[in-house]
Amino acid sequence: MSGHVFHPGHEELHGVTVVVTGSTGRTYVGRYHERNQRGVVLKDVGIHEPGNGLPLEDWLERQRKFGVKVDERALVVPGDEVVDVGRLEA
Amino acid sequence: MPYPEQLVAPMRAEMRQMGAEELKTPAEVDAALGDVRGTTLVFVNSVCGCAAGMARPGLSLALNRGVKPDRIVTVFAGQDTDATSRARQYFSDYQPSSPSMALIRDGEVVHFVHRHQIEGRSPQVIADNLAQAFDKYCGATA
Chain A
1 MSGHVFHPGH EELHGVTVVV TGSTGRTYVG RYHERNQRGV VLKDVGIHEP GNGLPLEDWL
61 ERQRKFGVKV DERALVVPGD EVVDVGRLEA
Chain B
1 MPYPEQLVAP MRAEMRQMGA EELKTPAEVD AALGDVRGTT LVFVNSVCGC AAGMARPGLS
61 LALNRGVKPD RIVTVFAGQD TDATSRARQY FSDYQPSSPS MALIRDGEVV HFVHRHQIEG
121 RSPQVIADNL AQAFDKYCGA TA
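Taken in order, these protein sequences are the chains called A and B. Numbering-wise, our numbering puts 28 at position 28 of the first sequence, and it's gapless, one number per residue. Numbering-wise, our numbering puts 41 at position 41 of the second sequence, and it's gapless, one number per residue.
Derived by calculation from the structure, the hints in this document are not laboratory data. Among these hints, one or two may not hold up.
[As the list claims (entries may be wrong)] Pairs of lysine to aspartate or glutamate residues, derived as EDC-like cross-links and limited to a Cα-Cα distance of at most 16 Å, are as follows:
no., chain 1, residue 1, chain 2, residue 2
1, B, K24, B, E5
2, B, K136, B, D70
3, A, K65, B, D93
4, A, K43, A, D71
5, B, K136, B, D106
6, A, K69, B, D93
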């Protein structure tokens, strides 16, 4: 349902599990809350550190198959770090 | 902290109306899922209006399409917490999310629908996903 606003009155991605690509090489998967002046606010977030554990695509596939392994209950990805935001489940 | 029971009562009733058995204690979960043959769908219910509000009708649609599991059971995340924790032990390879659904055949999880596969999707799309799994794992030739 592309274009469907999941939670009316909020941004289109509010409440949806997204992948945030960071300029530092970190990748975040979590439920999108909002984008504000501080950055992108995520909830129930898994974090992939480059060079640490699984390659990124394998890690993302694992999140899709087994669910998001939460590292942080909530965090803000600073606005200047955000390269891309997209749905985990395309 | 659980929501007031009167708020969640319609969500429980919606599950019962489609034939789901509510499991409110760990003992009830063990009786339903422990050492049981056949196919069981476990629906982890949620108060989230947008996700569970699509997932419940999606399941209802799927159950009316033909092949379906032998048994439908449900636990309510955030409400019946002990029962939900116990149920999740039966699909512990999967990270907890709610709403979510696990299709179990002869004690093995054969299909799982996470919350992120429900978000923003219509009941019809969710039903398509479930019906395909029911055809694959619950049919006479499965």
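Status of each hint after checking the structure:
Distance hint between K24(B) and E5(B) is fulfilled; the C-alpha atoms sit about 13 Å from each other, no more than 16 Å. Annotation: proposed proximity of K136(B) to D70(B) holds, straight-line Cα distance about 14 Å (limit 16 Å). For the hint linking K65(A) to D93(B), the alpha-carbon distance of about 10 Å falls within 16 Å, and the restraint holds. Proposed proximity of K43(A) and D71(A) is supported: the alpha carbons are some 10 Å apart, at most 16 Å.
Distance hint between K136(B) and D106(B) is fulfilled; the C-alpha atoms sit about 14 Å from each other, no more than 16 Å. Taken as a hint, the K69(A) and D93(B) pair is honoured in the structure, with Cα atoms around 11 Å apart against an allowance of 16 Å.
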